[in-house]
Amino acid sequence: MHTPVIGTSDGDLRVMVLREFNAATYQLRLHTDARSPKIGRIANDPAMAVLAYDAEAKVQIRVRGVGAVKTTGADIDAIWDEATNFAKRCYLAEQGPSSVSARQTSGLPGWAEGINPTADQIAPARQNFAVLYITVTEFDWLYLANTGHRRARITILPDRAGWKGEWLVP
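In the working numbering, each residue carries its 1-based index in the sequence shown increased by 1380.
Hints listed in this document are in silico derivations from the structure and should not be mistaken for laboratory results. Zero decoy hints are in this set.
Beta-carbon label-pair distances, calculated as ranges:
(1) Ala-1423 x Phe-1401: 17 to 25 Å
(2) Ile-1441 x Ser-1389: 13 to 21 Å
(3) Trp-1491 x Ala-1532: 45 to 53 Å
(4) Thr-1452 x Asn-1526: 48 to 56 Å
Think of the CB as a built atom: it goes at the ideal place given N, C-alpha and C, for glycine as much as any other residue.
Throw the hints in and build the complete structure from the sequences for me.
What follows is the structure, given as structure tokens:
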């Protein structure tokens, strides 16, 4: 479930890498390009959906939540510093995600293609880095079994004061 499908309120979907789940705050953390069109969509309507499936465990997780994007702060700098230069390289793209191109391209400057950049080379990429937090409001858990599926809904209580669970018919 490391690469869930993330949906914005307009129904646009994309696979993203889940970097962390904080059980104390019920927050998912993902990384994205600050120039991505989804940043504006989330600012206008922060409703988010997440779908993950573990085929081996036969478990599907659906999440509803509220998105927030951060680009600055000591916490964001620390997250940036933890990443490898190779992972940071995608934020060197000369144009933002979804920009139209006359040819097939990674968007990276030619010198950055296929290399592991140095700290100095990667420094300009920091301005394009953003962290997407999705604060969970509801989980839907589905277990697929030959003997009969099982399903539950977990709703996070207001003010993060705990949760309420209930079994559902699959």
